[in-house]
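Chains as they are written, first to last, in my numbering: chain A, 1 to 303; chain B, 1 to 292.
Misleading hints may appear alongside valid ones.
Said to hold, decoys possible - For the chain A half of the interface with chain B, some residues (derived, Cβ under 7 Å), not all of them:
1. Gly19
2. Ser41
3. Ser123
Unchecked claim - Just a sample of chain B residues kept apart from chain A, beta carbon distances all over 10 Å, derived:
4. Leu184
5. Ala252
6. Gly253
Unchecked claim - No more than 30 Å apart at the CA atoms, straight line, and that leaves these computed lysine-lysine pairs for BS3-like:
7. B:Lys201 x A:Lys10
8. B:Lys148 x A:Lys56
9. A:Lys294 x A:Lys210
10. B:Lys235 x B:Lys148
11. A:Lys210 x A:Lys107
12. A:Lys8 x B:Lys201
13. A:Lys56 x A:Lys68
Quick caveat, the hints were computed from the structure, so don't treat them as lab data.
Idealized CB from N, CA, C, for every residue including glycine.
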Amino acid sequence: MYSKIKNKSKLYRREAIEGYLFALPWLIGLCTFTAYPLIASFVYSFFDYNVYSYMKWIGLGNYISLIKSDELFWTSLYNTVYYTIFAVPLGMIVGLAIAVLLNQNIKGLALFRSIYYLPAVISGVAVSILWIWVLDPNFGLIATILGYLGINSPNWLGDPLWAKPALILMSLWGAGGSMIIYLSGLQSVPTELYEAARIDGANSFQCFLKITIPMISPVLLFTLITGLIGSFQVFTQAYVMTNGGPLNSTLFYVLYLYRKAFAFMQMGNASAMAWILALITGILAYLIFRTSSKWVYYSGGLK
Amino acid sequence: MNSKGDIISPVWYKRVSIRRVFTRIVIYLLVVGGALIYLFPLFWMISSSLKSNDQIFTTPIQWIPKPPQWHNYIEAWSGYYPFTRFLINSCIIAGGCILGNILSAPLVAYSFARLRWPLRDVFFFILLLTMLIPYAVVMVPQFVLFYKLGWVNTYLPFIVPAFCGGSFYIFFMRQLIMTIPHELDDAARIDGCGSFNIFSKIILPLIKPGLTAIAIFEFIGQWNNFMGPLIYLTKMELFTLPLGLNVFRTQAGIYMNSFMAVSCLSLIPCFILFFVAQRYFIQGVVITGLKE
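Using the sequences provided together with the hints, build the complete structure.
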């Protein structure tokens, strides 16, 4: 009896050691490339630091100067929030609308799904350059089409008022990424639910509101969280297409952080910005998770 | 329209049917119209890339350039910057990162999915949290670390972390391994198989499609990665395609047709991968998005 237990505990210990060994690559990565930088960035945020030479303790100086005297900090935060407030919900609505359309038992589903999804796969500098040209106020694609309709194109990227909407419009071109997730969510909704509702006299819109939305709400939660975090980090488009301009109207948070760190070499100040960003996204994600129990429905009552 | 109509009276059925046909037409119009809108920028890119310097500024616009200026592609690709070099560099980074993730992510995922070890669930929660941390938050100290290690102007800042396994891929793999019936490992364990043999002989062959999905996601991610190379690479001969494109964009005296041609060429690997391996993309997105 005793030896059996001993044997069992030996097996457990062996499994525990194996577990850590298998997970070792990630554990090392977690310590060196995530945990250490998080702590280091917190430490740097209290210093005046330029990597190459000196490191001077200034306490809360970085935070105070950001909040009290750095106007561009607030501009960049405002721009990012503006972008997020429009790009994330609009992206979700467009993605969901396409998914609902594609879920109507249409012919050539695979082809249409590819077409809508394709722009989400390509991104980065090549796409940014493409959109500079699409948004060209004189010879661009949108200006040409607006011209056919007799409308004067705004000076998209050259106008502080239109630059952010232009980038939001561009982001909607990539809405196919969330569409794929919604589509598979829609396909997993049991059809009996719709049939039952139809018998009770519900119309399509009521079905959508009372069945579809609750049934895919976990997917909506997932895309909302990942969308928020992604849009708070918008960088490449702004760097390549406008470089923050005109008049800092597309100076987004991470672009400003990048400039602080790698153009002005203010690593301490940039670290303070990084921690404020972590705090903002962390609080937002937390709030959404907290309220999610009210609007996210998990079938089977399981979380 | 459907077989259930048989039990409904003919007149009423006809009215419903007309309404249904009308709805179908509207749906198809929306789907096709939307698809055209989504394709239009790509068509515009190809169309512009085949125009001469004069044609791109011609009004009314020429949708299909006549004659197509195929030489734009050759001139833009090899006339100004060593784009072939950039292409090879991009491939080296993508290849190294794919290799790293393919080796590590399944191992770690297996540990999370199948082995019991102290604090496993705590670490799994941490894994989920790390997926939410913005890169910008760790960017500065990572740079300081890699700078001190002398890794600036090398590809190590991209490739070495890949060998630790990306959180997203580990999570994806774990979800995949969880769907494999436990009976398979139990049977092997009774036959005297150790954990590593179970992993390599039973689990690994079953998750091969997942490995392909990881390779594809990592390729696309690295191919499009701009911020990382922008921070770590300053020597032109080390540039990746996105960095090269970015420098090319600022070159004076070059018109949009050349930019479009090079952009188009740089996207070709993504296009090919997308059409060849579409089901892996969709599977990957679906598994991580739905089965949380």
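field: Violated constraints from the hint list, given by number and in increasing order
entry: none
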